[in-house]
Amino acid sequence: MGNLTDSFPAASSSNVLEIIQGSADGRSITVGSGAYTLENVTTYTNSTTSYQKIPGSLIAYTPPAEARSVLYKFDFKWHSIGSSGISHFYVDVDGTRITNSNKTFSENYSGNHVHTHGGRNDSIYWVFDLTVSSDNAANGEFSSWTSNKTIQTKFRRYNSIYGVAANYNRYYNGGNAAGNDAYTIPSLTIIALK
Amino acid sequence: MGNLTDLFPAPASNSILETLVGVADGRSVTVPSGTYTFGNVTARQTLSTSYTDVTGSSITYTPPAEANYVSYKFFYKSDSRDINYGSSGIHNIALYLDGTRVARAQKSVAGNYSGSHSNNHASFTQYVEFVFDLTAYSDDISNGKLAGWTTAKEIKVMARDHNSPYYRATIHTNIWRDGTAAGEFTYYQPIIKITAFK
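Sequences listed follow chains A and B, in order. Residue numbers for the first sequence follow our numbering, beginning at 28 and rising by one. Residue numbers for the second sequence follow our numbering, beginning at 21 and rising by one.
Chain A extracted, bound-state conformation (with noise of 0.2 Å):
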């Protein structure tokens, strides 16, 4: 006979708390903090001059009590719709930019403006310290978090002739992408560490 230790091993010492990822199509995930229900993306979305939503980007989460640490991760397919596609692309928490979330995208210009073969995937993310000994939301900085703070990624195109769609696929099965074929579901991966 053994130990009682190798019966009852101590649980494990991993720092993670919980994950919570999935595509973008409506589910309801449930993890120890809760239940989140991700976003149903069903068509692409152009970017316009001002800042917007990235459907399925936003979650309204709280971490576990024990958390000193909170990664935010958005992945998504952009396509250019005018030119190389320049856009801007930050996280936004509760309203606060996060300054140094700020991220620019492009395809190359090929000298013409109608040439908009530019379509890759990319993402946004951001650590959220939770360790600070007061709020920072601009740096994604809180001292404490408690109850729900919305999360999500924010988006505009550079001007009226670069810019992108987001989650578009602008061609597929050897032509021009139409309807289901020109969008695709983005993914959200958040998780909690201590």
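Read the hints as simulated data drawn from the structure, not as lab findings. Watch out, some of these pointers could steer you wrong.
[Stated by the list, open to error] What follows is a set of in silico ranges between Cβ atoms, one per label pair, in the way DEER data are often shown:
1. A:Thr70 / B:Tyr186: 37 to 43 Å
2. A:Ser171 / B:Thr155: 39 to 45 Å
3. A:Val159 / B:Ser136: 45 to 51 Å
4. A:Ser77 / B:Thr72: 38 to 44 Å
5. A:Arg124 / B:Tyr157: 47 to 53 Å
6. A:Gly206 / B:Ser70: 46 to 52 Å
7. B:Thr66 / A:Ser55: 43 to 49 Å
8. B:Ala201 / A:Ala62: 42 to 48 Å
9. B:Ser35 / A:Glu93: 16 to 22 Å
10. A:Glu93 / B:Asn163: 33 to 39 Å
All of these numbers come straight from a predicted model, not from anything done at the bench. Glycine is no exception: its CB is placed at the ideal position from the N, C-alpha and C atoms.
Once you have looked at the hints, place chain B on chain A.
Just chain B now, with coordinates in the frame of chain A:
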């Protein structure tokens, strides 16, 4: 008195021993294997035709004793450099573990070539990812295999431009922001994510 299983709960079936993730803004993060301080990226980085360390990519890490696999993932932003020379922004990436190149992780990244070196809009998130296998009988770092990993080892990314003066890239760069030049927001801090699995 409670049940025995209250005192000795069943072990978690989770194979993740720990996840270490942070923005390269100088923060320190404590996980079960220790406390790690990330680099502090405060400027974009230009490359040359010689390999140089990519700022923010280095971390000196010791996995938990039970680890069989360690995943390293480094997310960064790249941009084609200079209006007259950047072109498609080709650059080469190499991953190093304690000074040895992990050959299987090297890659080249670029945007599409437009036919003009002055068309330098290519601007993407890139990542370098590799899973080290710690179950090997002997160390073969160039293939990412180790016979255990019990002391601190530095993991880092190095990069170089494809050529000079054409096909060059900058790292951690946003050329534009909010419909205009990026100005003070010209740099973008990268992220390191390490996951140790048993």
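Does the hinted range 38 to 44 Å hold for A:Ser77 and B:Thr72 at CB? Holds, since A:Ser77 and B:Thr72 (Cβ atoms, about 39 Å apart) stay within the stated range.
Can you tell me whether the CB distance of A:Glu93 to B:Asn163 sits inside 33 to 39 Å? Check passed, 38 Å falls within 33 to 39 Å.
The hint says 39 to 45 Å between A:Ser171 and B:Thr155; measuring C-beta to C-beta, is that right? Hint holds: Cβ distance 41 Å, inside 39 to 45 Å.
Assuming the hint says 42 to 48 Å, is it satisfied by the Cβ distance from B:Ala201 to A:Ala62 or not? 44 Å, holds
May I ask you to test the hint 45 to 51 Å on the CB atoms belonging to A:Val159 and B:Ser136? 47 Å, holds
How does the Cβ-Cβ distance of B:Thr66 and A:Ser55 compare with 43 to 49 Å: does it lie in that range? 47 Å, holds
Taking the beta carbons of A:Thr70 and B:Tyr186, is their distance inside 37 to 43 Å? The hinted range 37 to 43 Å holds for A:Thr70 and B:Tyr186, with Cβ atoms some 40 Å apart.
Falls inside 47 to 53 Å, the C-beta gap from A:Arg124 to B:Tyr157? Given a distance of about 51 Å, which is inside 47 to 53 Å, the answer is holds.
Go ahead and decide if the range 16 to 22 Å is satisfied by the Cβ distance of B:Ser35 to A:Glu93. 20 Å, holds
Given a hinted range of 46 to 52 Å, is it respected by the beta-carbon distance of A:Gly206 and B:Ser70? At 50 Å between Cβs, range holds.
When held up to the earlier numbered hints, the structure conflicts with none and fits them all.
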